[in-house]
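The task is simple: from the sequences and hints, build the whole structure.
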Amino acid sequence: MADLPPARPGAGTPILALEGLRKRFGGLTVTDDVSLAVAPRGIHAVIGPNGAGKTTLIHQISGTLRPDAGRIRFAGREITHLPLHRRARLGLARSFQITAVLPGFSALENVALAVQAGAGSSFRFFRPAAGEARLNEPAMAALEQVGLAARAAVKAGALSHGEKRQLELAIALALRPKLLLLDEPLAGAGPEETERLIALLGRLKADYAILLVEHDMQAVFALADAVSVLVYGRLIASGAPAAIRADPAVRAAYLGEDA
Amino acid sequence: MPRWREAALPLLLFALLGAAPWIGFGEGYVLSLLARAMILGIAALGLHLLVGGAGLVSLGHAALLGIGAYAVVVLDAARVTEAVWVVPASILGAALFALLTGAVAVRTSGVQFIMITLAFAQMAFFIAGSLSVYGGDDGYTLYGRTELFGRRWLEDRLVFHYLCLALLAGAWALVGMLLASRFGRVLRAARENALRVAALGFNPVPYRLLAYVIAGGMAGLAGALLANATEFVAPSYLAWQRSGDLLFMVILGGLGAPHGAVLGALAMVLLEEWLGHWTAHWRLIFGPLLILAVLFLKGGLAGLPAQLRGAGRG
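Chains as they are written, first to last, in this note's numbering: chain A, 130 to 388; chain D, 31 to 344.
There are no misleading hints in this set.
Below 20 Å or equal to it, Euclidean Cα-Cα: the simulated SDA-like pairs (lysine to any residue) are: (1) A:284 <-> D:224; (2) A:284 <-> D:328; (3) A:284 <-> D:285; (4) A:284 <-> D:36; (5) A:284 <-> D:336; (6) A:284 <-> D:333; (7) A:284 <-> A:273; (8) A:284 <-> D:223; (9) A:284 <-> D:329; (10) A:284 <-> D:222.
I should point out that these hints are in silico values taken from the structure, not numbers from a laboratory.
Here you go:
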């Protein structure tokens, strides 16, 4: 860790630390000795060209893939070998690149299920969950936070693409996570929806640690407090947005393509 | 508890079943047919919890029913015929089998789950056939119906009718309550997207296993009743064809609401009987009828009123 500067100087011990993470698929190294520290507040963006291994990295952090080597520390404990649901319990919430809301559940019930995950045992059999104020009120608050309160009763399958994105965020927020892993939250959203989501992420970063994987460079540089650049599975630079923008290696490897 | 609007149709159904002996369906033959439909309805309700709730399609549910029935046989051979012992033995026996086999099965889903439940059921089927003490393939005739507190209440047709009805209504209320609870919400969510549910911090396995065990217990109860209804138990109770029948009841009735399973059981048993009277080749008609029902009844029989309303509006 010593060779990497903290993501945001003075922000305290990192909430998430990757140490020498490696993952190979056959002959292809998709994560090549990645070490990274994410501060407990603010947005840390991971950028890189297509195929750089960004989503694979997210999968290893969230627990859907196991790294071949290296360690993942989260909130002061090692989680390298914990399954997905255990990591979620510790406060690691992720959104999915392809939206994974429950289409047959209403927007409210989607979020209420997330609240339920943190509100005591779910081995309760007698009371109808749909009537529990203890679940519905925080769920409604999360929907309001993302601007989706008016659509609470609508089946998630009937929401627009951008609204599903907002719902994904509301679900993640309802888990009251220590870290939000957002995998391309702007993908496929229209210009207005994108603007709304960027404003929302800008508000959220004051209270949450967010690891953001995103293709939209304008959004990344508008939002991020720290940026890490991944190319062919290797981290070639990590630091403040201005420094990254000026980094010649980054310009050559990535930004140069379209900047 | 289900809301009144949703409960109107099932409550009407139970009222009709309750009135049946007094409105011209009181003959012994008709009552035994209705009892059979209600008993299979209890097993189908458990299967509805799995298929409609958890999205787990079991092709081995009859094994659980058969184990419940064989518990009655084993105790009968040991001269134990008291319901206080027999009924819990049936329920717990089937639930235990569900726990042991489910511990493996619920870790899979889709076709794998179908094959594993089928394989376990076939094992139970062949074991039942090899139990020569209990008649082997020929089956076992009970000495008499199960007693309750030392008296043969269940010999009375009306008592047996209302017992089956009460248990059916209880099973319906139980499944509705479970599906609406926090537990049921996790089950239903895991059916729609298991990965999403895990990302929220839920491990779906214990929820599915518990649903499987509860469905097993319900099938065991149905097995005890079925053994009493026919006073005879054979390995055919566990056959995969019967598992298929149960699955068909659940799907024909409709996966949208638990009373679909009850409607499906009634429809299957009564239709089978009616067509059987009409012609010896009734299966030739029965099959296409079922295919038509699945093709054109989107929400199954339980969804029929809504579908008719929709058609009336359109």
